[in-house]
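Sequences listed follow chains X and C, in order.
Every number in my numbering is 45 more than the matching position in the first sequence, counting from 1.
Every number in my numbering is 45 more than the matching position in the second sequence, counting from 1.
Simulated from the structure, these hints should not be mistaken for laboratory data.
Note that this is a predicted model, so its numbers are computed, not measured.
Just so you know, not all the hints are guaranteed correct.
Pairs involving identical chains hold if they fit within one copy or between any two copies, as the list cannot separate such chains.
Listed next, the in silico PhoX-like pairs over lysine-lysine satisfying Cα-Cα at most 25 Å (straight line) [to be verified]:
#	residue 1	residue 2
1	K66	K94
2	K95	K117
3	K240	K127
4	K233	K194
5	K193	K242
6	K201	K66
7	K94	K201
8	K240	K66
9	K117	K127
10	K95	K66
11	K94	K127
Protein chains: 2
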Amino acid sequence: MAKASNIFWHAGEVSRQDREKLLQQRGAVLWFTGLSGAGKSTVARRVEKKLYDMGHLAYVLDGDNIRFGLNKDLGFSPADRKENIRRVGEVAKLFADAGIITMTAFISPYREDRDMVRRLLPEGDFIEVYVACPLVECERRDVKGLYKKARAGEIKEFTGISAPYEEPLAPELVLETHRESVEESANKVIAYLRKQKIIPGGE
Amino acid sequence: MAKASNIFWHAGEVSRQDREKLLQQRGAVLWFTGLSGAGKSTVARRVEKKLYDMGHLAYVLDGDNIRFGLNKDLGFSPADRKENIRRVGEVAKLFADAGIITMTAFISPYREDRDMVRRLLPEGDFIEVYVACPLVECERRDVKGLYKKARAGEIKEFTGISAPYEEPLAPELVLETHRESVEESANKVIAYLRKQKIIPGGE
Chain X
46 MAKASNIFWH
56 AGEVSRQDRE
66 KLLQQRGAVL
76 WFTGLSGAGK
86 STVARRVEKK
96 LYDMGHLAYV
106 LDGDNIRFGL
116 NKDLGFSPAD
126 RKENIRRVGE
136 VAKLFADAGI
146 ITMTAFISPY
156 REDRDMVRRL
166 LPEGDFIEVY
176 VACPLVECER
186 RDVKGLYKKA
196 RAGEIKEFTG
206 ISAPYEEPLA
216 PELVLETHRE
226 SVEESANKVI
236 AYLRKQKIIP
246 GGE
Chain C
46 MAKASNIFWH
56 AGEVSRQDRE
66 KLLQQRGAVL
76 WFTGLSGAGK
86 STVARRVEKK
96 LYDMGHLAYV
106 LDGDNIRFGL
116 NKDLGFSPAD
126 RKENIRRVGE
136 VAKLFADAGI
146 ITMTAFISPY
156 REDRDMVRRL
166 LPEGDFIEVY
176 VACPLVECER
186 RDVKGLYKKA
196 RAGEIKEFTG
206 ISAPYEEPLA
216 PELVLETHRE
226 SVEESANKVI
236 AYLRKQKIIP
246 GGE
C-alpha cells in the first residue's frame, strides 16, 4: 500500500501495516455521499454494527461529531462547504492510517470536493459509496423536516432543491436505498470490504 | 465515563464502551507539551511501540501528519497557533472516542490553549504530559538546527527564545528527559496508563 508522502517514518516505529496486523483488517475510507435523507448515516451505522459483531474496529464521522466540533467554525457558504469536506478528508486519512475502517456520512454534493479527498488518500483507500435515493423519495421521507423548510424558502441553498447535487461518475459502490432495505445495503458494503480484502473472508 | 454532550447516540449503535471492550483498553489523550527538542515525539513513539508490543492500539498526532495535512492552511500567528491546537484537540477527541490511546506531540506553549483542549474532552480523557527539559539542554541538542536560526533572528517568535512557554501548573505527568532515558520516560507513561486502568495490569 502506498504511504502518504507527507508522513515520515523512522526506524523502530509502529507502522500502519503493524496496526493493520493487530486489528486484522485494512484501514480504509468509505465515503458515503447522497442527498439529505438518502440514508447515508443509517447505512453507515448498520455497517459499523456488523463490523463490530465480526470483531472489527470501525468509526463513523458525520455531522453529529464533526459539525459541532472540528468544523464548528464553518458555515454553509461554498468556501466553507469545501473546507468542511477537506478537513473531514484529512481526518479520515488519519483514521485510515491508524488502521480503522472509517466511514464518513456527508452530503458532499460536489464532484470536485470528493475527488480532492480521493487524491488526498493513498491509492485504494478511498471508496466512494453513492447512496442513490431519488429526490422525490428523500423529500417524501423528510425525516428532519428540512425539505419542507427548503421548499418554503426558510433554508437557502439546500441540496436538491436550491443547490445542485453532482452524482458520482464512477463510484466504487451504489446503494439504492429506495429499493433495498438498510440490511441489504449494509450487506453490499460488507461484501465489497471482503472482496477488497479490507476484512477477511473474501474469495 | 462521561459522554461528550455534542455526540448523539441512537439505540443499536456501537458505543465508545463497545469499542473499548473490543480493544481491551480505554480511549484517552496523552497531551505531550514542552519546548522544541524536549523529546515529545521521541517519547510518544517509544510509548506507541511499547503499547503495540502489548497488543494495544495507539496513534500519534504530531507536526508530521498534521501540519502538512489538516492544518496546512495555518501559519504561526497567535490566532493560527490557537486554531492549530483547537483542531488537534478536536481530532484527538474523535480518536479517543474511537477507543484509541491517542498521543499528541506539539509544543503547545500556552496554558489557555491546553486548558481549552482539557475542557473539550470528556472528564478523565485528557492527560497532560509535561516534557520538562530545560531550555539550555534543548538548545544544546538543537536536533533540527532551529535554535541556532532563532538566535540569529532567522525564525521569529520561537518558543523559549523570542516567544513564551507557559509551564503546566498541574500536569498529570512530568518527564525529565534531561535526567531520564527515553526508555525510563516511556515506562513512566506506561505505569500511569496502568494505574488509570487505561490498559490492564495496574493495582
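### Query
Hints broken by the structure, by number, lowest first?
2, 3, 4, 5, 6, 7, 11
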